[in-house]
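Sequences listed follow chains L and Y, in order.
Heads up: the first sequence is residues 1262 to 1468, going by the working numbering.
Heads up: the second sequence is residues 11 to 371, going by the working numbering.
Be aware that a few hints might be false.
[Stated by the list, open to error] One-sided excerpt, in silico: chain L residues whose CB lies under 8 Å from chain Y:
#1 ASP1306
#2 VAL1310
#3 GLY1315
#4 PHE1326
#5 THR1329
#6 ALA1370
#7 GLY1399
[To be verified] Just a sample of chain Y residues kept apart from chain L, beta carbon distances all over 10 Å, derived:
#8 GLN64
#9 PRO88
#10 ALA99
#11 SER111
#12 SER202
#13 VAL203
#14 SER217
#15 THR253
#16 THR300
#17 ASN324
In case anyone wonders, no lab produced these hints; they're calculated from the structure.
These numbers come from a predicted model, not from an experiment.
We put the CB at the ideal spot given by N, CA and C, even for glycine.
Okay, here's what each chain looks like letter by letter:
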Amino acid sequence: MSNQSLPNGQWRYRLAGIQPLIKFRSALAFAILFSALLVPALAQDSPRVQLFGGYSFLSFNSQPFGFTDRTSLHGFTLAPSYNLTHAFGVSAQLSSQYGSQISVRNLTAGPQVMFTRGNMLFFGHLLIGKGRTFVQVGEGAGNSAKVLELGGGIDLGLSSHFSVRTVQADFVHNSFFNGSQNSVRISTGLVYHLGGIKKGRKPSLTD
Amino acid sequence: MGAKTFAGWLLICAMLAGNFGCSGDNGGGGSSAAHTAYVTLAAGNSIAAFQVNQGALRAVVGAPFSAGPSPVSIVAHPSGKFVYVANAAENDISLFNVDSSTRELKEVMPRTPAGTSPNALAIDSAGSFLYAANRLSNNISVYSINSGDGTLQEVSGSPVPTGLAPISLLLTPSNKYLYVASGNLGEVFGYSVNSGGLQSVPTSPFSAGGNPFGLAVDPGEHFLYATNFSEKTVTGLSINQATGSLSIIPGFPVTVETTPVAALVHPSGKYLYVVNLGSNNVSAFTLDATGLATALTTGATTSVGTQPLFIVSNASGGTIYVGNQGSKTITQLTVDASTGQLTSTATTNLNSAPSSMVLLN
């Protein structure tokens, strides 16, 4: 994903100037506002391959486990993606969060859709897979169950190979211990990307 | 993909996150209405834990929690921070801290010695004193409770002698009187309570008209009811408000079914329920102003599991739980507030026979 509106250096300069103002809780609002201010750009390349890694926060619905409130967990998310067209690809995601009494790990894969504007890439995905939790209550109890993740995010291009994932928000549905847990996960970090697919180009495996 | 399509996608995500992801009541129950139920499993040396949401029981992940040998009776401190369990096979009492976040019970060692085979506990509404009926040493142990850490300290004068084989004990809501059922003697022993100290009430013990096993009192503590396990009857006794002395209410005993072992007066004071261990059901009565019990014309008995042993009500009286030793289950019953009729609504399986239960807000 290259930036065609302004040279990369100018974008980095502008970002550096406003970074102190960015709060984690307002990252999503900032990203949306920022994208709205962009001058409509020409059609952009989408990356062929994306490798995301970063921090993630999970507001886990632990009440079905018997907890009196939701539990805040912290950890990481790793997500490689391979895009077949300018707007469609497949993605896998390994996400693991930890707390003093609960850990949750989800491994999922599924389709991804995206579009670019300026040096920003917007994406959404629907992923399914398997999750694993361990609850450190009593003598401890673990369980594995299906998981569904539905979410999306915004990548902001930094250079020809790197973007910053300003925010990725996922609705996460687990069914641990024959129950139902609906949680929200927020992730942020760096994306390394390779290759490019121009808008309108037919799928090719030779890119 | 255009911006509009993508915006639609994000909107769907946001709606799902808002409707489901932030809801705390999707299978788990909101914390505002949540209670916890703890059930002692005597044969399993453990305590099962459930979150209670609109009456329904759902197992707490990680439970059951380890307990002492043969836990047979459980009470909760009014603060909700501590739980006490009588270990009949080890002649002592366990203190558990309640984890307010996970509902886990964490035992605090060492255990506090009691008499021989403690099998019934009672705690006062202020959480200042704990009482234990010791079935094989024929006495009552009395402990003061440290409000800070919940630890027990046996008070001077404890244990207090009582009748042969005290099988149950009941502290009145005002904490003024303590009654002990001695089935072998066919009597109920009464004590006035003063700062944890027990003083026999005038003319105690009192005949219960049979072999009393379970005891129940009305919220106004005018009447005491004793189930007579070998006579298939229940006896109502009037409580002298000034002295605590008991006298059988004319018209009692009334007939119930086989082996009545536990009783409960509905929090409204309008209904009496008697658990019949031998006939696997619960008898229901209406209570009049004189304390007299009349069997319901419809729903006089309600089937539960096999060998029901105890009965517990939630604070509102809308839901009642019966523990069944034979079927290793808890039967959940809803109460028709206008008629007192019980309806079985759910059964919760346990991995061991339940011996007692407490509800914690």
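Against the structure, the hints come out as follows:
1. ASP1306: 14 Å, violated
2. VAL1310: 19 Å, violated
3. GLY1315: 19 Å, violated
4. PHE1326: 4 Å, holds
5. THR1329: L/THR1329 check passes; min Cβ-Cβ to chain Y is 5 Å, inside 8 Å.
6. ALA1370: This hint is violated: L/ALA1370 lies away from chain Y, its Cβ roughly 18 Å from the closest one there, beyond 8 Å.
7. GLY1399: Given a least distance of 4 Å, the restraint on L/GLY1399 holds.
8. GLN64: 14 Å, holds
9. PRO88: Non-interface label on Y/PRO88 holds, nearest chain L Cβ at 18 Å vs cutoff 10 Å.
10. ALA99: 21 Å, holds
11. SER111: Violated, because the least Cβ-Cβ distance between Y/SER111 and chain L comes to about 6 Å, which does not exceed 10 Å.
12. SER202: With a cut-off of 10 Å, Y/SER202 remains clear of chain L, as the shortest Cβ separation is near 39 Å.
13. VAL203: 34 Å, holds
14. SER217: 46 Å, holds
15. THR253: Holds, because the least Cβ-Cβ distance between Y/THR253 and chain L comes to about 44 Å, which exceeds 10 Å.
16. THR300: Given a closest Cβ separation of 44 Å, the condition holds.
17. ASN324: 17 Å, holds
Checked against the numbered hints listed earlier, the structure breaks hints 1, 2, 3, 6 and 11; every other hint is satisfied.
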